[in-house]
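Asker: Residue numbers (the numbering used here), protein chains in the order written: chain Z, 1 to 198; chain C, 1 to 317; chain R, 1 to 406.
These are computed hints drawn from the structure, not numbers from a lab. Wrong hints could be hidden among the right ones.
[Said to hold, decoys possible] Pairs of lysine-lysine, BS3-like flavour, derived with a Cα cap of 25 Å:
#: 1; chain 1: C; residue 1: LYS160; chain 2: Z; residue 2: LYS158
#: 2; chain 1: Z; residue 1: LYS178; chain 2: Z; residue 2: LYS158
#: 3; chain 1: Z; residue 1: LYS112; chain 2: Z; residue 2: LYS59
#: 4; chain 1: Z; residue 1: LYS158; chain 2: C; residue 2: LYS183
#: 5; chain 1: Z; residue 1: LYS143; chain 2: C; residue 2: LYS297
#: 6; chain 1: Z; residue 1: LYS178; chain 2: C; residue 2: LYS160
#: 7; chain 1: Z; residue 1: LYS143; chain 2: Z; residue 2: LYS158
#: 8; chain 1: C; residue 1: LYS228; chain 2: C; residue 2: LYS248
#: 9; chain 1: C; residue 1: LYS183; chain 2: C; residue 2: LYS298
#: 10; chain 1: C; residue 1: LYS160; chain 2: Z; residue 2: LYS59
#: 11; chain 1: C; residue 1: LYS248; chain 2: C; residue 2: LYS183
#: 12; chain 1: C; residue 1: LYS166; chain 2: Z; residue 2: LYS178
#: 13; chain 1: Z; residue 1: LYS143; chain 2: Z; residue 2: LYS64
#: 14; chain 1: Z; residue 1: LYS158; chain 2: C; residue 2: LYS124
#: 15; chain 1: Z; residue 1: LYS143; chain 2: C; residue 2: LYS160
#: 16; chain 1: C; residue 1: LYS297; chain 2: Z; residue 2: LYS59
#: 17; chain 1: C; residue 1: LYS297; chain 2: Z; residue 2: LYS50
#: 18; chain 1: C; residue 1: LYS228; chain 2: C; residue 2: LYS124
[What the hints assert, rightly or not] Covered stretches of chain C, as calculated for chain R (at least 3 residues, CB under 8 Å):
#: 19; segment: 58 to 67
#: 20; segment: 144 to 151
#: 21; segment: 180 to 189
#: 22; segment: 200 to 209
#: 23; segment: 213 to 225
C-beta atoms are modelled at their ideal positions from N, C-alpha and C, and glycine is treated no differently.
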Amino acid sequence: MLLLLAVSATPAIAADAPTDAPASVPTHRPLRSHGADDAPPAPTAPGAFKGYPGAPAFKVVPQKDGLIFFPCSNCHAAMQPNPMPRLLNSPHPAALVHGADRIWCLDCHQTKDRDQLRTFAGQPVDFNDAHQVCGQCHFRQHKEWYFGAHGKRVANWKGTREIYNCTHCHDPHAPALKPRAPSPPPPVRAGLEGQKKP
Amino acid sequence: MTEPIDQYRRRFLGGLAKVAAAGGAVAAGGAAVVAGAASGGAAPAWGGSTLREMLGDFFQEQYQRMTPEEIQSALARIERKAKRKFGVDITCEDTPPIPGVVFGYALNISRCKGYRDCVEACVKENNLGRDSQVQYIRVLQMDNGTMNLESSEHYYDPAKVPVPGKFYMPVQCMQCDNPPCVKACPVQATWREPDGIVAIDYDWCIGCRYCMDACPYGARHFNWTEPKIPPAELNTHTNYLGNRPRPKGVVEKCHFCTQRTRKGQQPACQEACPTGARIFGNLMDPNSEIRYVLANKKVFRLKEDLGTEPKFWYFTD
Amino acid sequence: MFSFLRDGVRAMGHGGRAYWTWLAVLSALVLVGAYSYGLQLRDGLVVTGMSDQVSWGFYIANFAFLVGIAAGAVLLVIPAYVFHRQDVKGVVLLGEGLAVAAVIGAMLFVTVDLGHPERFWHLLPFIGRLNFPTSMLAWDVVVLTTYLGLNLAIPLYVHYCHYRGQEPVLKAYFPVVILSIFVAISIHTVTAFLFAANSARPFWHNALLGPRFIATAFASGPALIILVLQAIRRFTRYPVAQSVIDTLALIMTISLWISLFFVGAELFTDFYNEGAHAASMRYLYFGLHGMDALRPWIWTALAMNAVAVVVLSIHALRRRTLTLNIACVLTFIGIWIEKGMGLVVPGFIPTPLGEVFEYTPTLVELGVTLGIWALCAMIFTLLAKASIAIELGDVGAARRAQRVTA
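Excised from the complex, chain Z in its bound form (with noise of 0.2 Å):
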């Protein structure tokens, strides 16, 4: 009995005081911060791509060679440029699977120059540096290729990094990998090929 006017007694412990704040106001802490504490980096004019800092030194096994209608000059220096977005014919790929719609043929390939790629702010790019292009978009995995995380080495672990570039192993009209027949399964030991249930 007096343990429960004892208890009924003590005033509340650490109740919360109910706010009178409307509900509109967010209760988050915002990211995009006005007047922040950080100064703004430097403006750096735009142009060629510099690299990321940091990342060890490579060579990129050069493709230029391998590509069928290389140089595309041989018939475009003849032909009018045409910028609108379109669907092309033969030899052009029938379709651009890469990037929903969103792009087209000109958007990497250079008007005037079709022996280059281009940036987005316009700056040409050889065919084997092909990655500029990729970049722009696919940073993430631009970086990390930079650094070694994301793409091919060949020729060996240790001495000059060699690597592939991008389009060598996705073909920048259709990059998705398409799926293929895997090598056998493992084998079961000599004898036993009759224990393993499937």
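Based on these hints, arrange chains C and R on the given structure of chain Z.
Answerer: Chains C and R alone, transformed into the frame defined by chain Z:
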């Protein structure tokens, strides 16, 4: 302290070998032996091996205890044995570890598509018996949403990989820094080399398979039968601790292709992988790709809680 | 010394029809074993049913069981020498002979399991590269060899004294006996640690494995000794006191109860909150993913042990020879199944990578196993023959005295 014991043991073994050789020459069947020895091993007695070869084989020391001369004669014996068995000339070297190098491996399970190109390349590069079940790499097909190995499929054989809803995780020797197999071996036939590779001396292993019990990754394999390699497909560039042809009755496993990696080349599995899922390099080099992966990607190791300290990491994009 | 050995061996050559028939049967089985092993040497271990997935099988199962039998001899040594039971002292030398046969059998089972048995010299210290004290297999080699040596040395000494008509000097060999008691416990503990050391194998990696090994050894060891002592009583003139058999039966009963308690403890621990670590236990008792080759075996073993322990616990039944012998046979076979295949094989299923791949011993494995068991029986028979001849005075000083007076 071990020096005098070493010399005593060498003299003892050498003496035993000479006594056995002398006794063997006198023993019954000496005629066949003499004929075999005279024709330089061409006669088919005891599978073509001379008595001298067999005794040399029998009394061979463990690799870490061999003098450079003993290693050279062991290498020559291996080359001759391969010639008898396969009719192919091979070279067998002793490739020492590169100083200042500890190998590490990382595998991107977002990139692995389950092709098993790595498995095939390993079989060819390392002279694995084509029918003896030994494959150093096993690719597990796992269900999305779980890391439970018990639900993995080892023998997947669909028309096309990757199968939707699955991911692929190749498993091979992790070259642990705290390897339970090295502790288990009763004759010290397996040990950790300075560059981190867990090596096996195939001529010292007695085939008790206790190391296979101890390995938490199923990475060690036993030659239940004589490994059969088509002579035309034999990889003739071999080394003692790596891919030289092995006898039946011994344990073997992935060694990160010591015959290649100790010369700066990539392991066969990394070279073969078409998706670039495999990253390999020197953990002591802060600028290496493997170090970048370990510092910047979300990596994990299998069964890390067992304290084995594997040097094979997995990561995702 | 030479005449002692010569007379001992000669005693092995004298026997009745039963003796020679027994030896002939054993020899035939040993030949079967030798032929089977020859096949294995020629073709490699591919003639067995083992695989990368289940890399230890019938041979190591029998090895583990036989080490237990060898350790069981300590149950005669302790009452004889520590508690000074004279009745037990009469048969302790036979028990040590059984231990010798069992240890040799265990060593043979390991040898036939090796891929390169001719490289055995790699196990020798200094000449080879024995990985002592790190490797538990190296420990096993050391303690088994020591145990074999001790169990040969002590009876040799005692028999030699009796042969010369003298009493053995207790002070000389008592410390060796005490050492052999500790070594007996150590051989089976080390064999248990061999398995329990593997953190990669959850089925074995538990602290109870050592106690389980000892408890089952102390149940199956006396079971065999009771049957063997009755055979000695039946086929020789050597007296075996009934009190010895009563004592052994009592020890066996208690050990069997403890063993079954341990089994219960393991089942509870694994199945109450069943996780991935219980997969091997589930495979053994209930099957896993439709594969259940061992299930009938383990339930039979459990039933055998349960029946045996109930029979043994009933005083009247334990006293009756027939029911005691039935209980002994049930215990022996039940523990052979449970500690042999029921221990070794589930440790590999599922594999560390989750694969379920079963194992069945092949005819070659069965042949070699039969041969080794027959060889053990033969070794014990021959040792017992010589031992009994010396103890009964058929050879040695007493005999020579008889001949002189005759």
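Asker: If a hint holds in the structure, say so; if it doesn't, say that too.
Answerer: Going down the list of hints, with the structure as the test:
no.	hint	in the structure
1	C:LYS160 with Z:LYS158	35 Å, violated
2	Z:LYS178 with Z:LYS158	31 Å, violated
3	Z:LYS112 with Z:LYS59	28 Å, violated
4	Z:LYS158 with C:LYS183	31 Å, violated
5	Z:LYS143 with C:LYS297	12 Å, holds
6	Z:LYS178 with C:LYS160	9 Å, holds
7	Z:LYS143 with Z:LYS158	21 Å, holds
8	C:LYS228 with C:LYS248	10 Å, holds
9	C:LYS183 with C:LYS298	31 Å, violated
10	C:LYS160 with Z:LYS59	34 Å, violated
11	C:LYS248 with C:LYS183	23 Å, holds
12	C:LYS166 with Z:LYS178	15 Å, holds
13	Z:LYS143 with Z:LYS64	23 Å, holds
14	Z:LYS158 with C:LYS124	23 Å, holds
15	Z:LYS143 with C:LYS160	31 Å, violated
16	C:LYS297 with Z:LYS59	24 Å, holds
17	C:LYS297 with Z:LYS50	23 Å, holds
18	C:LYS228 with C:LYS124	12 Å, holds
19	58 to 67	holds (count 3)
20	144 to 151	holds (count 4)
21	180 to 189	holds (count 8)
22	200 to 209	holds (count 6)
23	213 to 225	holds (count 11)
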